[in-house]
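There are 2 protein chains.
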Amino acid sequence: MRADAKKNYDHLLTIAREVVAEHGADASLRDIARRADVGLGTLYRHFPTREALLETLLRAGFDALTLRAREFDTADAPDHALVSWLREIVALAHSHRGVIASMAAAIEDPDSALHASCVTMKASGARLLARAQAAGLARADMEGADLFALVAALAWINDQASLAPRADRLFQLIAGAILVHPGRIGDFTAHASAEN
Amino acid sequence: MRADAKKNYDHLLTIAREVVAEHGADASLRDIARRADVGLGTLYRHFPTREALLETLLRAGFDALTLRAREFDTADAPDHALVSWLREIVALAHSHRGVIASMAAAIEDPDSALHASCVTMKASGARLLARAQAAGLARADMEGADLFALVAALAWINDQASLAPRADRLFQLIAGAILVHPGRIGDFTAHASAEN
DNA sequence: ACCTGAACACCGTTCAAGT
DNA sequence: ACCTGAACACCGTTCAAGT
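Chains A and B are the protein sequences, given in the same order. Take 6 as the starting number for the first sequence in our numbering and just add one per residue. Take 6 as the starting number for the second sequence in our numbering and just add one per residue.
Please note that the accuracy of each hint is not assured.
[To be verified] Just so you have them, the derived chain B footprint on chain A, three or more residues with Cβ under 8 Å:
id : segment
1  : 50 to 64
2  : 100 to 111
[Said to hold, decoys possible] To give a feel for the contact side, a few chain B residues facing chain A, derived at Cβ under 7 Å:
id : residue
3  : Ile112
4  : Glu113
5  : Asp151
6  : Leu168
To be clear, the hints were calculated from the coordinates, so they are not data collected in a lab. Quick caveat, the model's predicted, so the values are computed rather than measured. Backbone N, C-alpha and C define an ideal beta-carbon position, used for all residues, glycine too.
Assemble the whole structure, with the sequences as input and the hints as a guide.
In structure tokens, the structure reads:
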């Protein structure tokens, strides 16, 4: 990448991060280009679709979550690991308000720039779920797709201003429905959270 | 209302029902006016906001749900009543794809045309929940706002094409988390649904 | 190789002018 | 009273013209 292009690319990302933090994943692309002092075509050259831009914004968070899943997979009690990881992926999605709908759409659209990341997230969750199931700590009648949908729903609740105050409580309720011994949830999720 | 105005009003509603069925609650208002062979200003005169139009489209369904809640309140086993009613409100929201986000926003916005209906729905749910709780059939640590948020989340899952296949299963899972004796769910929700 | 911004086809919303 | 549609201020997306 040429030096001037690289500079535009980086600056666009910085501004996009600000604008998405402010207006959510549906933010005006025009507005981003304008505030970055860059032609609209330059934004489209670097990020041919909105999903491509969002994927770049979220990539670091996705990678961190993939690593966390691997850590959790060996280090923790399977139920603790599963619930803690769920909390973190919900927090990541929420940190980019509105992106969860794009992620839900991307999971079944191989052409979406978000597809690969979503598939990875789903697989990480499925692995943690399977481990908890094998230990008899999660209900057996669930699979990765169910977990992905529940995470999406919880992230969506977080994104709705009027429902957000109930989000933590409902996370606990749903986590409790996944686990065989929900009594243990309070022990390890009370103050957990992910920053992104 | 003048005869010509009444005719426009009715025709707009007919067309709006078609277009919303096709494109969801975010359908283009311009498109509705166009297909109704009516000036854009006429649509705005009859329905000053999108919420006003949606409220009119959904009113019959809301009224039916209010009646159903009253029936359920006296006729059925409290847990059966609660879960059956939840199924119906989820189905109503889903029958107007995308409207659930507006409903979530309206519940805390007294100026929204959907506000009153949402408050009524929330109150109906809260009453059925309280009755089930009093009978020891629903967990005591929940309130109406939690139920409303869960219904919204389930309706949202239904609206996402990629998540919809899991919607029934997740309804059961969440209903099971609300009830004290979830084993009973399968008995009475397997084939229930609402038409609107 | 990369950037720019006009051009196109859409929106939602308002309101002066008509009947 | 009611209707109309132009006008305004926005979008997303493309692409000819520039450097």
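So, going through the hints one by one against the coordinates:
no.	hint	verdict
1	50 to 64	violated (count 0)
2	100 to 111	holds (count 3)
3	Ile112	holds (5 Å)
4	Glu113	holds (4 Å)
5	Asp151	holds (5 Å)
6	Leu168	holds (4 Å)
In summary, the structure is inconsistent with hint 1 from the numbered list given earlier, while agreeing with all the others.
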